[in-house]
Structure formats: structure tokens, C-alpha cells
Amino acid sequence: MNREDLLIGKEEKLLSLLKELTELKTILDNQFKEKLTRNLPFADVLFDRWEKAKFLNFGEGTSVYDSCHVFGNVVVGKNTWVGPFTILDGSGRLQIGDFCCISAGVHIYSHETVNWATSGGEAPYEYAPVQIGDRCYIGPHSIIASGVVLGDGCVVGANSFVNKSFPNNSRIAGSPAKEIR
Amino acid sequence: MNREDLLIGKEEKLLSLLKELTELKTILDNQFKEKLTRNLPFADVLFDRWEKAKFLNFGEGTSVYDSCHVFGNVVVGKNTWVGPFTILDGSGRLQIGDFCCISAGVHIYSHETVNWATSGGEAPYEYAPVQIGDRCYIGPHSIIASGVVLGDGCVVGANSFVNKSFPNNSRIAGSPAKEIR
Amino acid sequence: MNREDLLIGKEEKLLSLLKELTELKTILDNQFKEKLTRNLPFADVLFDRWEKAKFLNFGEGTSVYDSCHVFGNVVVGKNTWVGPFTILDGSGRLQIGDFCCISAGVHIYSHETVNWATSGGEAPYEYAPVQIGDRCYIGPHSIIASGVVLGDGCVVGANSFVNKSFPNNSRIAGSPAKEIR
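Protein chains in written order, with the numbering used here: chain V, 1 to 181; chain C, 1 to 181; chain L, 1 to 181.
So here's chain V without its partners, still in its complex pose (with noise of 0.2 Å):
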């Protein structure tokens, strides 16, 4: 669908912006293409992820794709990289150290609403911190649920969900994750 044709009969100045946004895009989009061979949402091209985590003081060399959605207190150590479609929820705290790969799609979660959905929102969110130890590899789409603590060197598979807390270098996936091997 062309979108400037949805413009039609509307104030020139709209269609002046997106064709603006549509020309400052296309440039953007080239110059990632020529440089770091990569096409990214366009707020990824608009806007610097090294930025994002200098705004949220998070460590030296550590960023954060626009997608991740960050709430409450979060605290993120040096060189850790932070995936598109994330979430660092420190509503109850969060912390996580240095060399991490927190990969796309993991959510880190501080609080939960289970029984605040079940009570027809009579019971009230319920928090307790997380916190992830230094050089963690947490896999794609996993979850971490509150509570938990993870020691340094840990490695959780892609797709596990994470509901109670493991020693230094475990090796675990599943949901529930279990240790493995």
C-alpha cells in the first residue's frame, strides 16, 4: 500500500514529514547496508545502542537495542550486550554483571501479576530482585522469572524459563530450567 497515497486531500505537511522520514530512512538504511551489512527497525538506525545504555548508566562498552523496554531499577555492568526485544524489568531490582549476552527476545522479570489478574486486580503485583552474575550467556526467548539468582558463568538455553536460582557456571534450559548434562 503506498502510503503517501493515504495522504491524499490531507495538509501538505504531513505528507512533507513522511516523505522526510521516508528520504532520512532510505540514507540511514544504505549506510548500515555499506558499513555493518545489517538492516535494523528504524528506530535502530535512528538512534545509537551504546547511547541508550550511557543514558541508563549502564557499564562501559554495554548496549541496549530500542526495543528493550527497561522499568524501574536496573543496573547493567560493563561489555554486556542487550538484544532487540527485551525486557529488564527492576521494578523489585535487577542487577546484572559484566560480558553478559542477553539474547533477543529474553525477559527479566522483578515482579509478577498472576495474582493480580486472578483476583479481578484485587491482590496486588508481587516483586523480589533478580540478579545475574557476571559473563552469563542467557539463550533467545528465554525468561527469568523473579527471585532468581544466577552465579557467574552461567549458560541458560534458548527457550527456558528460569523460576529458581543457580551456582556459578550451571549449565541449565527447560521450563522449568533444569540443570543439564
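Just so you know, these hints were derived from the structure itself, not from any lab.
Computed from a predicted model, the values in this text were never measured in an experiment.
Check before you lean on any hint, since a few could be wrong.
Pairs count within a copy or across copies, as identical chains cannot be separated in the list.
[What the hints assert, rightly or not] The list that follows gives simulated cross-link-like pairs (lysine-lysine, DSS-like), each with its CA atoms no further than 27 Å apart:
#  : residue 1 : residue 2
1  : K54       : K35
2  : K25       : K78
3  : K19       : K33
4  : K10       : K35
5  : K33       : K10
6  : K164      : K19
7  : K164      : K10
8  : K19       : K54
9  : K54       : K78
10 : K164      : K25
11 : K178      : K164
12 : K33       : K54
13 : K54       : K25
14 : K10       : K78
15 : K164      : K78
16 : K13       : K35
17 : K178      : K35
18 : K33       : K13
19 : K10       : K54
With chain V's structure known, arrange chains C and L on it following the hints.
Okay, now just chains C and L, sitting in the frame of chain V:
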């Protein structure tokens, strides 16, 4: 990568637009940090999630993040929270009750395309309506398939794939989802 | 939270920009509602998904949502549907055939970073190419790991984690994915 540098030699008005978008983002990000202690994707700081729900004729008190995709005929009740990265597919009709929590990453489908793909586009899409009762909690990244009916007060664990119906107050999890406890 | 109120005392041109973006969104949202019975994220009402596919040199009839992240060397055939919240990682090369359905939330990786993270950034990223045949259906939220080859006509169930190769017409599901039926 400095975005302004990427516009060197291009039209001046595009550099102005990029600068204004960046300033707008910075102001809104600062206000969200100060007033709501959160940092959201650009489109979510620009646009209100209660306004999106209102535009869709969803019930009073319901909110929907910008990254939610809504297709076809979708009816949602009051005070329901629809998170980011969600899909509400009403191409075969979808109804959701009051006080539900549709967690981040939930996809609810009322059509499917398995046969379309494997037949090389020969077979048509298939449709079947989906219904979710009141006070349901659908955990993050869960998928509800076409034809499913969930009663009131159901809890669906994170990362579940729900492909059959369950009565009121069911607690289910897994792929495919089964009653738990 | 009224966004315009958040700009009180700031430069007039930023308030104008916010108003124009909001008007543009409202017009496009109304047109999408009327003509396509759908409501999409802001970037997807601004930009066309067939144009994104064309920019990426994907085949005729293929479409790609704005929120798809494309990295490195990715080749996609004709009439393939690539949904929102997807990752097509061709950093180690990725090839996808015709008439595939790459459902929402699917991540296809041709690199991995487990050892990078657990070694504190010492170990390099690891790469291996991925190939997906024609007429494959990859269910929502499924992850395809580096090195995987899927033949033609494969069906991958929702929420699966595919870490080995499967021949033509395989029906697989689970984490890790196994043949079903």
C-alpha cells in the same frame, strides 16, 4: 556510529529532522525516567498505550503497547494489560475478557498457515475463533492457537503453546500446554 | 501521560514535530483500519514491508516487517512471509527458500556467542551457515541454531529450538526439536 555523520553531504532538512527527532526523544526519555522510572522504545515514548486501546475500541482502563499487532476482529474488555511484542490476531475472530494480563511476547492466533506454506501457497489460510475469559494470566512468550477457548481465571505459564481449550480456573503450561499440579 | 504536556517550556519546533507525528499516525492508523482491518506499530504504518524485502534483494512477493533484524549475508526466495519480531542472522550465511512462513518471533542464527560470554569476551564468536528449504513453516517463537539445514516442506512447531538438521518434509517440535508423529 554517529548518525549525523551518516548524513554528511545529504539535504540539510534531513539532518534537521534527525536532530529534532533526537531532541524529542531525549526530552521524553528524561521525563519517563523522572516520572515513571522507565525507558521505552521510541514509539512508546511518542504515543500513549491507553490511546491505542481507545482507538481499537477496547474496554475502559485497557492499555496496549505500540509493538502490539492487531489483525481483524478483536474485542478486548476492561482493565486488561496488553504487553509489548504481542500479536492479537482476530482474522478468525478473537475475544478477550476483563482484567487479563496478556504478557509481553504473547501471540494469540485465530488463523494458521501451515498448509499454506507446505502446499507452496495452494492451500488457503485456515481460520477458527479464539476466546479468552476474564481474569486470565497469559505468561510471557506463550502462543494460543486458533480455535482455543480459555475460561475465566486461567493461568498459562511462560513459554507455553496452547492448542486446545481449557475450562475456568485452569492452570496450564508446556508445549503443548497441559494442566499442572 | 499526555505527551504534549511533557514538552511544556521546551522549543516550539519539538512540540510541532510531536503533533505532526501524531497526526500522521492517526491518519495512517485510520486508513489501515478501514482498508486492511489492522493496527500496526508506528514504523510498520510508515513503511511498506514489500519495500523492505526489495531493499534486501529478497525474491518477488516476499515481505518483511519493520521489526525484523537482518544481519550479514541473507538470501530469501519468492513469496516468503517474514513476520514481526524476527531475526535473520546471516553473519555466518543464511539461505531461505520460496513460500516459507517465518512466523512472528522466529530467530534464525548463523553465529553463536556462548563461549564469548562465558570466557569474558576472550573466545571469538562462532559461525556456521543455515539453510531453510522451500515451503517451510517455522512456527512462532522458534529458534534455529547455527549450522542447521532444513529440507523442503518442513514444519517446525511453535516455541521450538532446532539445533540439528532435518530432511525434506520433517515435522518437528520441542526444545531441542525432534520428529513428531
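Within, between, both or neither: K19, K33 at alpha-carbon 27 Å: Both: 21 Å inside a copy, 22 Å across copies.
Between K54 and K78, at a C-alpha cutoff of 27 Å, which is it: within one copy, between copies, both, or neither? within (11 Å within a copy, 38 Å between copies)
Check K164 against K10 for me: Cα-Cα at most 27 Å, and say if that holds within a copy, between copies, both or neither. neither (55 Å within a copy, 47 Å between copies)
Within a copy, between copies, both or neither: which one fits K25 and K78 at a CA-CA cutoff of 27 Å? between (31 Å within a copy, 24 Å between copies)
Which holds for K10 with K78 at a C-alpha limit of 27 Å: within a copy, between copies, both or neither? neither (49 Å within a copy, 34 Å between copies)
K13 and K35: within-copy, between-copy, both or neither at 27 Å Cα: Cα proximity of K13 and K35: across copies only (23 Å, versus 33 Å in one copy).
Is the C-alpha distance from K164 to K19 at most 27 Å within one copy, between copies, in both cases, or in neither? neither (51 Å within a copy, 45 Å between copies)
Under a CA distance limit of 27 Å, which applies to K19 and K54: within one copy, between copies, both, or neither? between (31 Å within a copy, 18 Å between copies)
Between the shortest in-copy and the shortest cross-copy C-alpha distance, which are at most 27 Å for K54 and K35: within, between, both, or neither? both (23 Å within a copy, 19 Å between copies)
My question is about K54 and K25: at a cut-off of 27 Å on alpha-carbon distance, are they close within one copy, between copies, both, or neither? both (24 Å within a copy, 14 Å between copies)
Quick one: K164 to K78, C-alpha cut-off 27 Å, is that within a copy, between copies, both, or neither? within (25 Å within a copy, 33 Å between copies)
For K178 vs K164, is the C-alpha pair at or below 27 Å within one copy, between two copies, both, or neither? Intra 9 Å, inter 21 Å, cutoff 27 Å: intra and inter.
When held up to the earlier numbered hints, the structure conflicts with 6, 7, 10, 14, 17 and fits the remainder.
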